[in-house]
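These are the residues of each chain, in order.
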Amino acid sequence: GAVVSQHPSRVICKSGTSVKIECRSLDFQATTMFWYRQFPKQSLMLMATSNEGSKATYEQGVEKDKFLINHASLTLSTLTVTSAHPEDSSFYICSARAKLAGVTDTQYFGPGTRLTVL
Amino acid sequence: SQQGEEDPQALSIQEGENATMNCSYKTSINNLQWYRQNSGRGLVHLILIRSNEREKHSGRLRVTLDTSKKSSSLLITASRAADTASYFCATDARGAQKLVFGQGTRLTINP
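Quick note, the sequences are listed as chains H and D, same order. Heads up, the first sequence is in the numbering used here, so the first residue is 1 and it goes up one at a time. Heads up, the second sequence is in the numbering used here, so the first residue is 1001 and it goes up one at a time.
Isolated chain D, as found in the complex:
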């Protein structure tokens, strides 16, 4: 079953702008991960944030985690056309030993 709910489902912005995607989940987690998937391709792991962390950076990516609200956000700064892809959050629920994916956000960067 799906644990994560993501919004927006689709996002279209101009190159150079920032893109923010949100993810909400239902149960206690060990960590939350963000993945990128280009159309018809496999997943690329972007970043993992543990339940005791609040913010994490990796290059142009910034991830926040609010365990009290059971939500996370992914910010991509200075977007590029190559960032066009679907982005998924996935939660590693406590005791579950498996990743459950959110519905994803389709991001389109217009040149």
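Chain H on its own, in the form it takes in the complex:
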């Protein structure tokens, strides 16, 4: 089956630093990639949608200058949390919508990245 990887799986950083999270589709090309954030015991909240080669579309309330998304290729998207603060500590999950056999309605999720900002 289609596999999506995320790196790193866990990161601890100091307040004020920037953190980059990578999301890769390993064996398929992704037409679109999505970034979600999940706080403890809560659901996934969509942060942004990105298409390869174009600017990301951010959900209402998500600061685009704080959460920089780069979608450089059909297999790689990166999320950079700039000037991270403790309230940014969360579980960040990416997903990729596959372009498989003409079917584009399946999303595959990465394993998530646990960010802790001290």
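Honestly, the hints are just simulated from the structure, not real lab data. Check the hints yourself; a few may be wrong.
[What the hints assert, rightly or not] In silico SDA-like cross-links for lysine to any residue, where the CA-CA straight-line distance does not exceed 20 angstroms:
| id | chain 1 | residue 1 | chain 2 | residue 2 |
| --- | --- | --- | --- | --- |
| 1 | D | Lys1098 | H | Ser54 |
| 2 | D | Lys1098 | H | Thr78 |
| 3 | D | Lys1026 | H | Glu59 |
| 4 | D | Lys1098 | H | Arg24 |
| 5 | D | Lys1098 | H | Leu74 |
| 6 | D | Lys1098 | H | Thr49 |
| 7 | D | Lys1098 | H | Phe67 |
[Said to hold, decoys possible] Some chain H residues flagged as far from chain D (calculated, every beta-carbon gap over 12 angstroms):
| id | residue |
| --- | --- |
| 8 | Cys13 |
| 9 | Glu52 |
| 10 | Lys55 |
| 11 | Leu74 |
[Claimed, not checked] From the structure, some residues in chain D lie toward chain H, with a derived Cβ separation under 7 angstroms:
| id | residue |
| --- | --- |
| 12 | Gly1042 |
| 13 | Leu1043 |
| 14 | Lys1098 |
| 15 | Leu1099 |
| 16 | Phe1101 |
| 17 | Gln1103 |
| 18 | Gly1104 |
Heads up, the beta-carbon is just placed ideally off N, CA and C, and yes, glycines get one too.
Here the structure of chain H is known, so what remains is to put chain D in place on it, guided by the hints.
For chain D alone, kept in the frame of chain H given last:
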């Protein structure tokens, strides 16, 4: 924004019993999907039901969809301790090109 509302928020049953979770949504959809998430882990895709389908089965899972009521249910039969997890519905709204998740149900199966 959250589209799906799930109930119950938490469910605790004995092993072997059936577990039913419900999901309601607000807009027209292309499909509705159910996911499982173990604590602190990633999502596992369980089943997808399209808007023109009413019921779907996969092993011990049964999903129903009522588009007139904008609701879906997930039934897990003969539950096992390993089924303990959070379960989320997610809707692929028509024209939206994105999945929006419900609030989830925390299911605990007691041995």
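Hint check, failures only: Result: no hint breaks.
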